[in-house]
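Peer 1: The primary structure of each chain is shown beneath.
There are 2 protein chains.
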Amino acid sequence: MENILSVFWLVPVASVVALGMALFFFLQMKKEDEGTPRMREIAEHVRKGAMAYLKQQYKVVTIVFIVLAVIFAVMAYGFHMQNPWVPFAFLTGGLFSGLAGFFGMKTATYASARTANAARKSLDGGLRVAFRSGAVMGLTVVGLGLLDIALWYLILNAAGVDSLITITTTMLTFGMGASTQALFARVGGGIYTKAADVGADIVGKVEADIPEDDPRNPATIADNVGDNVGDVAGMGADLYESYCGSILSTAALGATAFVGTGVMQIKSVIAPMIIAAVGIFLSLFGIFLVRTKEGATMKQLLHSLGVGTNVSAALIAVATFAILYLLGIENWVGISFSVVTGLLAGVIIGQATEYYTSHSYKPTQKISEASKTGAATVIIKGVGTGMISTMVPVVTISVAILLSYLCANGFQLDVTAANLSKGLYGVGIAAVGMLSTLGITLATDAYGPIADNAGGNAEMSELGEEVRKRTDALDALGNTTAATGKGFAIGSAALTALALLASYIEEIKEAVARLAEAGNAHMQEIITKISDIPSFMDYFQVNLMNPKVIVGVFIGAMAAFLFSGITMGAVGRAAEDMVKEVRRQFREIKGILEGTGTPDYKRCVEISTRSAQREMIFPSLLAIIIPIIVGVVLGVAGVLGLLVGGLAAGFTLAIFMSNAGGAWDNAKKMVEEGNFGGKGSECHKATIVGDTVGDPFKDTSGPSLNILIKLMSMVSIVMAGLTVAFV
Amino acid sequence: MENILSVFWLVPVASVVALGMALFFFLQMKKEDEGTPRMREIAEHVRKGAMAYLKQQYKVVTIVFIVLAVIFAVMAYGFHMQNPWVPFAFLTGGLFSGLAGFFGMKTATYASARTANAARKSLDGGLRVAFRSGAVMGLTVVGLGLLDIALWYLILNAAGVDSLITITTTMLTFGMGASTQALFARVGGGIYTKAADVGADIVGKVEADIPEDDPRNPATIADNVGDNVGDVAGMGADLYESYCGSILSTAALGATAFVGTGVMQIKSVIAPMIIAAVGIFLSLFGIFLVRTKEGATMKQLLHSLGVGTNVSAALIAVATFAILYLLGIENWVGISFSVVTGLLAGVIIGQATEYYTSHSYKPTQKISEASKTGAATVIIKGVGTGMISTMVPVVTISVAILLSYLCANGFQLDVTAANLSKGLYGVGIAAVGMLSTLGITLATDAYGPIADNAGGNAEMSELGEEVRKRTDALDALGNTTAATGKGFAIGSAALTALALLASYIEEIKEAVARLAEAGNAHMQEIITKISDIPSFMDYFQVNLMNPKVIVGVFIGAMAAFLFSGITMGAVGRAAEDMVKEVRRQFREIKGILEGTGTPDYKRCVEISTRSAQREMIFPSLLAIIIPIIVGVVLGVAGVLGLLVGGLAAGFTLAIFMSNAGGAWDNAKKMVEEGNFGGKGSECHKATIVGDTVGDPFKDTSGPSLNILIKLMSMVSIVMAGLTVAFV
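Going down the list, the sequences are from chains B and P. So that you can map any letter, position 229 of the first sequence is 229 in my numbering, and since no number is skipped, the others follow by simple counting. So that you can map any letter, position 448 of the second sequence is 448 in my numbering, and since no number is skipped, the others follow by simple counting.
No lab work stands behind these hints: they were computed from the structure. Bear in mind that the values here come from a model prediction, so they are computed numbers and not experimental data. Mixed in with the good hints, there may be bad ones.
If chains are identical, the list can't say which one is meant, so a pair holds when it fits in one copy or spans any two.
Said to hold, decoys possible - Capping the alpha-carbon separation at 16 Å, the derived lysine to aspartate or glutamate pairs in EDC-like fashion look like this:
#	residue 1	residue 2
1	K366	D577
2	K590	D600
3	K372	E207
4	K121	E466
5	K669	D472
6	K669	E212
7	K372	D577
8	K580	E369
When you get a sec, could you build the whole thing from the sequences and use the hints?
Peer 2: In structure tokens form, the structure reads like this:
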């Protein structure tokens, strides 16, 4: 234990502070009034539906986790293919991620009616409740993430595991638990919410001509439940995974980059954790900066939110210099500049996303205008815009990769053994910097769905136009401030995935060493040949002319498309079921549309739940199985090809889908604001088709891809022992 | 000259035979009656429009060619960055490709009215005219391609260039000319045809409720012109490029793989040319097998076409064994099996394409059924299906790559210097095998648009329902038999691109040697360090952990999306202009819809021409500029990353787009055949939205991607000298 620097204690302390503050904000929010009986009743419906779904999902996921843990146990205890801690680390990763989703959703479902009620009085009141509830989610995610990291680091040290490389690669397994949970949450939640949303829109908005969230629409409760299970619980698990993944992969790189440097190695391993811990305090500072004056205007609120997120992001850049200097990390200036590079890249990506998806700018305005020539041109323009929008993020992330690598590697782009790890350490720590203030960026992100739900509650409780307008304004506010947070999330995913490639190579070496130690003669022979990166690449023929590598890249690119195709198909099928049910209810239950009959909300909730459960399993398992098969058939070279191909194509595809979806959404909003004929016009109908198509693009397939990329890396890492056995 | 084996003369002879037979079929077709005065008049309109467009396009392309040729000349004569033959080879490639498109289109525009007229009498009469006209196109493409290859081979030998590696890499430059021409043809033609098609459909079919090709629609002539410039001239240039590319890259690989083996090296270089020459005779045999009995049924015609294509494909497999045995190529059995692997892969990819896009199968039926819940679900399902449909082709091509590599390399998957080239020689020759019977497969492909145009002519000439039904049947017939041909085209593109990677490495070595010889000290130092593949990879750090490689892969993936996005956007913009014009005419020209007023067809033709000219330049130049920038900034490692990333993502994206488009097209046809309410129903309208979105997917962006991939490789090869100068 003595080798852990005393400063490490900042990590568990920060995590406990985060969780404590989350509890504080939660209790504060609970004290607010939930409004009229009708509002309570609706909130209760949504809460129950959401919790029922989450329980159902966790049941399925638990089975998957048990099966996988048993497999890992057999690999570890039976065949020396893994170390004995792996099954347990894997399970805690899944458990903590599940908890983050659970708490976040619980908060969100309690907050929606309270936000609506506060918005009855004033805009800033609504913001306060929604934003603080979002902060619960943000702080829970970072608190639980850092707690899990701190615990495992302490446990493995206490257990006397003395190789930091072994410690950090073991901890990566808990990243796989988090990724697995996140993928199920994103896919299941994404299918749920979009089945309900698409179904509700098609029959409600297009066919029956009733507004969104109208209580006469049988799918409306399911739609609101969906916002919670998809946008809140799904996003929570997603960012939990990103947060832990970036810290863990950077720690693992630190262990490799500074191997044999004694205390410097320890420092480099804990540095990302310390940055994350400091980020928690800065996030809290930012959250308290978001002050709302009584009767504040939209502009003031926007400014206030902007100040909160930007100040904490700027401060983390400064803090990184201080942290790395105080830790005495070698080349602390360069590595700090890597973090600055990452933060800037995140800001640029966020701004580009904003440019391509907001109707304040030309691209989305053009999509909206295309509605004059019908739905087909709206789709063509949207697809075109989404594809073009990949350029800035990809170029930005490319420059960020090169620069953060260069900065951390003393401005050399050499790929020799030591340099590579050092450069990639810079890439990883840039991702950590982007996610370190997740406490507040997630708050601005999570409060959007809360405001959206509040709007739903207001509509169904028939609170009147004014309240709905306020909640819509809150929602819009969230979308604008969330841009930077989204940029950080997207950019860090790519950087983390890159760092994980290096971890894969380390884990292959670890696996060879483990098997060699267990007496495997072949491995004993190999081990001397793969000691550094160039010889590793040479031995496994990981060069771009090896057909195995090229085939790996092909399969990686295809995996991204296949996965998206399956999730798109799932939403399509589920939405069709929903449409048929809503049509049936309109037909069979008398007086629904006149407001005298009561729709059967429960039936629609059941359909979404059932569809999501049924459809989430296959694509999620696919993400786990593909890297295993490629590993066994094509070996190390094939897996590295797979991961690079999946990363590049998946990242690009994800941006395309997310931005196209976002642009369609806002193109529709632009028409609804009275342009091109406004609500109810032919143009409006055309943009609704775009928005409906965009729903699974931006909320199911797109965001799942970021997790897919990392999960494939994690699976490869954990399964390295199996791959090596076939070498 | 004496070192050219006498058997080589088969190559020019076969090309002359092909061109002679093309002329023969052309004259035969011209003898047919062009029908009523009205039919002649319409055909004349379309012919003039098409030729006017082609002239306009060739003007623009000529400027681009002159600029590029000057740049190459400066590189070659001023800086020793290229060899002196390059500018000329580049120009002939462009010229011959342009000629292939020109002759093909000329034939097609003469054939449409004649086909319609023959179809007035009988189905088999129509087939005979259309198929023989398609054969003109097929034979012209292979004849001109092989002629250019043979001429350059003879010239370079006669000029005393004694290194076969230099000869073959120089000849690749003419591949770049062909690729550049092809990209312009595909993009320009694709934008032209889809602007007209989408515009005509949106206003005609959806808004005014008049049938396709109705003479009252002002865009109908432009639409028919578009079929010729896009589907005929575009496809001709495209396949000319594929055909030459596969032969040239394989020849280049042969020169490397068998370097230092004397006559064996020559044999391996001419082997792909001999296979192609024999393929011409087998294609002719196949074309004559397609015999139509007077009054034959659809089934008999289908059988007849199938026999023609399948017999020639099967015979080329057998012939390859014989050719390679007689040439005495080392490991002739293995290499022949590589060809068999390629042919089988093509058949599987063709069948899979058929499965995912024909409404005889579930996927497309489901898309059609989704129309019951509106246009949005049609789009969602189509996107999902298209994405899922990438799996079989990617896995098939992956297996084909590995197997053809294995077979040609004595069943070893080693990537050492000699093995690599030998294995890749197998991959390249598999592509040659797939394209060697292009004479007939292109005939079955090209006759589709001819039949389609015949249908247009029949409709506009008001020949009655029966004739139109027959031309539709011919079109459908073409689509079914074209499956195998499409599979060959798609599969061979991927294999050729892979072979070009190896050529890139060779050309880098050539460039280093050239500069070293010219006295560059740095190059003299490098040259000893890159003599074989592993040391080359080592020196340039072309491994998957090098950030430059990874960034290259990212940019390659992004380039595919960006390119597609720009072409989609172009079609969107052009179609909007067209829609506005058609609406204007309906509004302002009295009596159009009643059939008493004459629409202003010319104005629509002008809009399409102008849009296509304006919009084709930027994306095409992008394809040329990206690899140059990446080469200068990221060096050899970055370029190889770019090419692999572009290949994998571009191939997958192309399949997604083509198949989604094809499936939407047939989902619409399924409704038109009377399902889900039939023509004019809400379901029909929903599927028309799908079909309209699918138009640029399958006819503009999708097919252009295959050329993009290869053009980026070709540019990298030709620009290798520039990249090396920055090493």
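Peer 1: Determine for every hint whether it applies to the structure shown.
Peer 2: Okay, the hints, checked on the actual structure:
{"no.": "1", "hint": "K366 / D577", "in the structure": "between (33 Å within a copy, 13 Å between copies)"}
{"no.": "2", "hint": "K590 / D600", "in the structure": "within (12 Å within a copy, 53 Å between copies)"}
{"no.": "3", "hint": "K372 / E207", "in the structure": "between (20 Å within a copy, 12 Å between copies)"}
{"no.": "4", "hint": "K121 / E466", "in the structure": "within (10 Å within a copy, 71 Å between copies)"}
{"no.": "5", "hint": "K669 / D472", "in the structure": "within (11 Å within a copy, 42 Å between copies)"}
{"no.": "6", "hint": "K669 / E212", "in the structure": "within (12 Å within a copy, 34 Å between copies)"}
{"no.": "7", "hint": "K372 / D577", "in the structure": "between (31 Å within a copy, 11 Å between copies)"}
{"no.": "8", "hint": "K580 / E369", "in the structure": "between (31 Å within a copy, 13 Å between copies)"}
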